[in-house]
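Given these sequences and hints, build the entire structure.
Order-wise, the sequence lines are chains P and R. Residue -6 in the working numbering is what sits at position 5 of the first sequence, and the numbering runs on without skipping anything. Heads up: take any position in the second sequence, counting from 1, add 701, and you land on the working numbering.
It is worth saying that the hints were derived from the structure and are not from the lab. One should not assume that every hint holds.
What the hints assert, rightly or not - Keeping only pairs whose Cα atoms sit at most 20 Å apart, straight-line, the calculated SDA-like set for lysine to any residue is:
(1) R/K779 - R/E808
(2) P/K27 - P/Y82
(3) P/K25 - R/E702
(4) R/K758 - P/K58
(5) P/K40 - P/N83
(6) P/K27 - R/E808
(7) P/K25 - R/G741
(8) P/K45 - R/T801
(9) P/K27 - R/G741
(10) P/K27 - R/H711
(11) R/K743 - P/K40
(12) P/K57 - P/Y82
(13) P/K27 - R/L740
(14) P/K45 - P/G29
(15) R/K784 - R/Q718
(16) P/K25 - P/K58
(17) R/K743 - P/Q(-2)
(18) P/K25 - P/R88
(19) R/K743 - P/K45
(20) R/K743 - P/P(-3)
(21) P/K27 - R/T706
For clarity, every value in this text was computed on a predicted model and none was experimentally measured.
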Amino acid sequence: SQELEQSPQSLIVQEGKNLTINCTSSKTLYGLYWYKQKYGEGLIFLMMLQKGGEEKSHEKITAKLDEKKQQSSLHITASQPSHAGIYLCGEWYNNNDMRFGAGTRLTVKP
Amino acid sequence: EPEVTQTPSHQVTQMGQEVILRCVPISNHLYFYWYRQILGQKVEFLVSFYNNEISEKSEIFDDQFSVERPDGSNFTLKIRSTKLEDSAMYFCASSRGIRTGELFFGEGSRLTVL
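Structural data, given as structure tokens:
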């Protein structure tokens, strides 16, 4: 079955440090979605990547899709406490369902 | 900015009782979804809904569950005869199109089954 593996499972960084979260699919990625979830809250859409080699940025968050490796990475530059939360990658599974990886829990220490 | 709204935010029920969770998707969206997240675990797909019928469902979505769009705005998830393991956060989501854009999520309804 199709799986999305995220690494690391959790990450603790000092404020101001850069970090990278990875998401790997068991099959070729045709589109990859990044979401952020704060504890006990809903998922907030961050970015969508659809083309191999595509890279998008929003404020200090950059996401890339490497289609050949069936992988996407999310990079945060100069992390802040507001970046703390759970980052989830998702992709369309069948005709009309999006499924998610287990998430990476990010803690940013001030 | 339009948003998906869910009610109730938290419901406590006794095992064996029926529960209905309600969602108001974004008004011009055509596709609707329910997801479940057991505490500390991943967000799991339950069901998607389009044109008044289920378009996809996961292995979790068994006969205990049903969905309905009773009017032009609400989208409901009914859980018959709740079990302890149904305790989770349930998220509703909606989207404009199929496989073409992001899902917009509500804040979730926390269900506690005692």
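Status of the hints after comparison with the structure:
Between R/K779 and R/E808, the direct Cα distance comes to roughly 18 Å. Compliance with the 20 Å bound is thereby established for this hinted pair. Simply put, P/K27 and P/Y82 have alpha-carbon atoms about 24 Å apart, too far for the 20 Å limit, and the pair is violated. For the suggested pair P/K25 and R/E702, the alpha carbons sit about 18 Å apart, so the restraint of at most 20 Å is met. Restraint check: the Cα-Cα separation between R/K758 and P/K58 comes to about 29 Å, which exceeds 20 Å; the hinted pair is violated.
For the hint linking P/K40 to P/N83, the alpha-carbon distance of about 19 Å falls within 20 Å, and the restraint holds. Between the alpha carbons of P/K27 and R/E808 the distance comes to roughly 10 Å, so the proposed pair stays at or under 20 Å and holds. The suggested pairing of P/K25 with R/G741 holds, with an alpha-carbon distance near 15 Å, which does not exceed 20 Å. For a cut-off of 20 Å, the pair hint linking P/K45 to R/T801 stands: about 17 Å separates their Cα positions.
Between P/K27 and R/G741 the CA atoms are separated by roughly 12 Å; this keeps the pair inside 20 Å, and the hint holds. Only pairs whose Cα atoms come within 20 Å are accepted, and P/K27 paired with R/H711 is accepted, the gap being roughly 17 Å. Straight-line distance between C-alpha atoms of R/K743 and P/K40 comes to about 26 Å, which puts the hinted pair past the 20 Å bound. Annotation: proposed proximity of P/K57 to P/Y82 holds, straight-line Cα distance about 18 Å (limit 20 Å).
This hinted pair checks out: P/K27 and R/L740 have alpha carbons roughly 13 Å apart, not beyond 20 Å. With a C-alpha separation of about 27 Å, the suggested pair P/K45 and P/G29 falls outside the 20 Å cut-off, and the hint is violated. With a C-alpha separation of about 9 Å, the suggested pair R/K784 and R/Q718 falls inside the 20 Å cut-off, and the hint holds. For the proposed pair P/K25 and P/K58, the alpha carbon gap of about 23 Å is over 20 Å, so the pair is violated.
With a CA separation close to 11 Å, the supplied pair R/K743 and P/Q(-2) stays within the 20 Å bound. Straight-line distance between C-alpha atoms of P/K25 and P/R88 comes to about 14 Å, which keeps the hinted pair within the 20 Å bound. Simply put, R/K743 and P/K45 have alpha-carbon atoms about 25 Å apart, too far for the 20 Å limit, and the pair is violated. Proposed proximity of R/K743 and P/P(-3) is supported: the alpha carbons are some 14 Å apart, at most 20 Å.
Distance hint between P/K27 and R/T706 is fulfilled; the C-alpha atoms sit about 17 Å from each other, no more than 20 Å.
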